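There are 2 protein chains.
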Amino acid sequence: MGGLENGATNNQNSSPTTTKPTKTGLSPDSMINLDQGDPTLFEPYWRKVGDKCTLVIEGCDLMSYFSDISNICRFLQPQLGDALKRLHRVVGNALTEDRLIVVGTGSTQLLRAALYALSSPADRHPVSLVAAAPFYSGYKDQAEFLRSGLYKWEGDAHTFDKDGPYIEVVTSPNNPDGAIREAVVNRGEGKLVYDLAYYWPQYTPIIQPLDHDIMLFTFSKCTGHAGSRIGWALVKDKEVARKMTEYMQISSIGVSKESQIRAAKILGVLGEGCRTADSENFFEYSHSILKERWERLRNVVKNSRVFCLPKYPRDYCNFTGKYMDSNPAFAWLHSKEDIDWESRLREHKIIARSGERFGASPKYVRISMFSPPEAFNLFLERLSAIIDNTIGNVVT
Amino acid sequence: MGGLENGATNNQNSSPTTTKPTKTGLSPDSMINLDQGDPTLFEPYWRKVGDKCTLVIEGCDLMSYFSDISNICRFLQPQLGDALKRLHRVVGNALTEDRLIVVGTGSTQLLRAALYALSSPADRHPVSLVAAAPFYSGYKDQAEFLRSGLYKWEGDAHTFDKDGPYIEVVTSPNNPDGAIREAVVNRGEGKLVYDLAYYWPQYTPIIQPLDHDIMLFTFSKCTGHAGSRIGWALVKDKEVARKMTEYMQISSIGVSKESQIRAAKILGVLGEGCRTADSENFFEYSHSILKERWERLRNVVKNSRVFCLPKYPRDYCNFTGKYMDSNPAFAWLHSKEDIDWESRLREHKIIARSGERFGASPKYVRISMFSPPEAFNLFLERLSAIIDNTIGNVVT
Chain L
1 MGGLENGATN
11 NQNSSPTTTK
21 PTKTGLSPDS
31 MINLDQGDPT
41 LFEPYWRKVG
51 DKCTLVIEGC
61 DLMSYFSDIS
71 NICRFLQPQL
81 GDALKRLHRV
91 VGNALTEDRL
101 IVVGTGSTQL
111 LRAALYALSS
121 PADRHPVSLV
131 AAAPFYSGYK
141 DQAEFLRSGL
151 YKWEGDAHTF
161 DKDGPYIEVV
171 TSPNNPDGAI
181 REAVVNRGEG
191 KLVYDLAYYW
201 PQYTPIIQPL
211 DHDIMLFTFS
221 KCTGHAGSRI
231 GWALVKDKEV
241 ARKMTEYMQI
251 SSIGVSKESQ
261 IRAAKILGVL
271 GEGCRTADSE
281 NFFEYSHSIL
291 KERWERLRNV
301 VKNSRVFCLP
311 KYPRDYCNFT
321 GKYMDSNPAF
331 AWLHSKEDID
341 WESRLREHKI
351 IARSGERFGA
361 SPKYVRISMF
371 SPPEAFNLFL
381 ERLSAIIDNT
391 IGNVVT
Chain X
397 MGGLENGATN
407 NQNSSPTTTK
417 PTKTGLSPDS
427 MINLDQGDPT
437 LFEPYWRKVG
447 DKCTLVIEGC
457 DLMSYFSDIS
467 NICRFLQPQL
477 GDALKRLHRV
487 VGNALTEDRL
497 IVVGTGSTQL
507 LRAALYALSS
517 PADRHPVSLV
527 AAAPFYSGYK
537 DQAEFLRSGL
547 YKWEGDAHTF
557 DKDGPYIEVV
567 TSPNNPDGAI
577 REAVVNRGEG
587 KLVYDLAYYW
597 PQYTPIIQPL
607 DHDIMLFTFS
617 KCTGHAGSRI
627 GWALVKDKEV
637 ARKMTEYMQI
647 SSIGVSKESQ
657 IRAAKILGVL
667 GEGCRTADSE
677 NFFEYSHSIL
687 KERWERLRNV
697 VKNSRVFCLP
707 KYPRDYCNFT
717 GKYMDSNPAF
727 AWLHSKEDID
737 WESRLREHKI
747 IARSGERFGA
757 SPKYVRISMF
767 SPPEAFNLFL
777 ERLSAIIDNT
787 IGNVVT
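Sequence order for the protein chains is L and X.
The numbering used here numbers the first residue of the first sequence as 1 and each following residue consecutively.
The numbering used here numbers the first residue of the second sequence as 397 and each following residue consecutively.
So that you can see chain L by itself, here it is in the shape it has in the complex (with noise of 0.2 Å):
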């Protein structure tokens, strides 16, 4: 699910530059945010694939509330649907036959769905909901913010020892700190939701088609096309689709179609990019892009006596057919010293978010690794100087 959350911004350029800015706006004396995953630096992959890609829509079309009236979710535009089938079948990451698909507007929208769903009104208690630590800060916001008495939050999934029903969100890999992951509380009156916005081979070897009872994605993540609000869930259960249906129905009467014609085009090309080899397919051009900035920020960062990074396991990915690294969306940098590191890093025009949101320590910083290139050069010439500043274990 998306890295974007309630009070941020999306200003790279909040100082007043007194030194010249660069073609982005950025100065050396520019705030840079790296709070967020907004996953604008694919966008010259897409340029590149030229017309294949672009979309033409009549004044006439795509009038109706309904796509398809025989379908559960009636509507999700047919061939949406088709396209993620096949974009699934090809990478290899999800089972969709005997799946219903239920789209979203963004998978935002689509976890609360499935909470709809999965909860019962008629009891008289909400239900649990968890997540392991660190957990996707968004998930909280998203549960109390309207005070629901479908749903509570519950926090951590290690810590959870509540009798009664519960729904356990498993993102994998996780935001922030990109491990795979499996259920954690494993106790027969749980119900599982997984988010897998990032179970993409740009970000992690794909080691198995996924087969749980509800899977959640995103357009977003997948392709970087984040301003689209498409998502959709993977979903074996009628009913469960049904409800998710329902909610959407009540909640914003469907879902753009506009936006679910464009992904269905643009998955499309992708998915039909990845089977033929006459150019690079978009996995393996933002799968580089990652790398070369996974690398670089580890070259940084081993200088370093204060800070660390996790360490990915190298594994068989079944797409490439090669054995991979793991490069997530967010860099989930730890330090040894007990300091707040949100604080520290905003101190040095770096906005990152702290790990306190995510029901870790402030020791823990998550930092986007989706920023424009100039933000991600200037994000690292600080983290340098941070660094070349605590040689002797004094932060300053």
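In case anyone wonders, no lab produced these hints; they're calculated from the structure.
Predicted model only: the values in this text are computed from it and were never measured.
A virtual CB, placed ideally from N, CA and C, is assigned to each residue, including glycine.
The reader is advised that the hints may include incorrect statements.
Quick list of in silico lysine-lysine cross-link-like pairs, BS3-like style, CA-CA up to 27 Å [what the hints assert, rightly or not]: (1) X/K548 <-> X/K536; (2) L/K243 <-> L/K85; (3) X/K444 <-> X/K687; (4) X/K448 <-> L/K265; (5) L/K140 <-> X/K634; (6) L/K336 <-> L/K349; (7) X/K661 <-> L/K265; (8) L/K152 <-> X/K536; (9) L/K140 <-> X/K548; (10) X/K448 <-> X/K481; (11) L/K243 <-> X/K536; (12) X/K639 <-> L/K140; (13) L/K152 <-> X/K548; (14) X/K548 <-> L/K243; (15) L/K52 <-> X/K661; (16) L/K238 <-> X/K536; (17) X/K639 <-> L/K152; (18) X/K448 <-> L/K52.
To be clear about the criterion: a stretch of chain X counts as covered by chain L if any three or more of its residues have a C-beta under 8 Å from a C-beta of chain L, and this derived list gives those stretches [what the hints assert, rightly or not]: (19) 610-623; (20) 646-655.
Put chain X on the given structure of chain L with help from the hints.
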């Protein structure tokens, strides 16, 4: 707000066809669905307009989450904001000066954003939500489906007598009955949300530009583009707009950009068409369709000793510069007989929505005036037959 709610289906042909179907798939024994307000009947106009409304989107366009980070509603595409201001100025239905625009996934999402913005999480008790009966049936569903502790549906504003803060939704023209409305409760602690989905010249004379604190509109009912899921709020107070945007952020991280730029284009063409007199503008076209349907329906109903329809005052329309009738999107059919008309009409293969769903008696029934032409014709035939069979007040 939309005429579409949970549980309804759009199947115009749900019974097996034993006789020859028409080109829309309707046969004399097809069920016809007049439950919903799916405004596809305006499609021919947009087909006729041709290339002016055609939208072309490249694969690399619109990728970021953000549209304008200098705006409180940073998800709003600037060209949509501009088009909306121009259109409201041309039509004269709402003031936009010194207002903030918040975009939503339909006005459905915006109503809940407004409830979030106007309620106080610090309060121990939920704020009361009311609307004068007959009220849009979706308000209750939207207020209750998540069992929110922020607000509580209290039903009919006319009978509301609880102390404390409340929110009144004022729907004008009203869904289901087309009446022009003002607030009913009028107490100091009250906050008002105006749902103005149908305050456009095809439905009602535009008497004055409205000037309320929160005014909701939707693309669906303005032009018929329901599939785009675009709504907007005109908001006076900055803090309310900020909280409504926060709601959008937590619930769906913004609103489809593809739909926004398409709405901007189509609403721009619509506004431009109203300023030049070289061809029929959309409001003239849609008004003439609805006017003709209403005349035909009134002709059928006038023979009835059982049914009656609301009468609307003829009023001077500032937009057209003429005295005009109202031609609402729904017919609010009232019977003098004490009969559950939803059930009775269903026996005659007409799906409509009972008055009970709107906080009224089952002697009322809401009929969508938006159905495809063949369905509307068949409806009038069947209604005539029902009326012919009830001459002596014996309803068969």
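*Starting from L/K152, check that the Cα of X/K548 is at most 27 Å away, please.*
Holds, because 19 Å separates the two Cα atoms, which is no more than 27 Å.
_Would the hint linking L/K152 and X/K536 be met if the CA-CA limit is 27 Å?_
Holds: L/K152 and X/K536 sit about 23 Å apart, inside 27 Å.
_Restraint check for L/K52 with X/K661, where alpha carbons must lie at most 27 Å apart_ = With a Cα-Cα distance of about 23 Å, the restraint between L/K52 and X/K661 holds, given a limit of 27 Å.
*Would you check the hint for X/K639 and L/K152, treating anything up to 27 Å between C-alpha atoms as holding?*
With Cα atoms ~22 Å apart, X/K639 and L/K152 stay inside 27 Å; holds.
*Has the given pair, L/K140 with X/K634, been kept, meaning a C-alpha gap of at most 27 Å?*
26 Å, holds
*Between X/K661 and L/K265, does the CA-CA distance stay at or below 27 Å?*
21 Å, holds
*asked:* With the threshold set at 27 Å, check whether the alpha-carbon distance from X/K548 to L/K243 stays at or below it.
replied: 22 Å, holds
*asked:* So if I understand the rule, the pair passes when the alpha-carbon distance is 27 Å or less; does X/K548 with X/K536 pass?
replied: 9 Å, holds
*Count residues of the segment 646-655 of chain X with a Cβ under 8 Å from any Cβ of chain L, then say if the count reaches three.*
It holds, with 10 qualifying residues against the three required.
*For the pair we were handed, X/K448 and X/K481, check the Cα-Cα distance against 27 Å.*
20 Å, holds
*Hey, L/K243 versus L/K85, does the alpha-carbon distance stay inside 27 Å?*
22 Å, holds
_Between the alpha carbons of X/K444 and X/K687, is the straight-line distance 27 Å or under?_
At roughly 20 Å apart (the allowed maximum being 27 Å), X/K687 and X/K444 satisfy the hint.
Violated hints for the displayed structure: none, as all numbered hints are satisfied.
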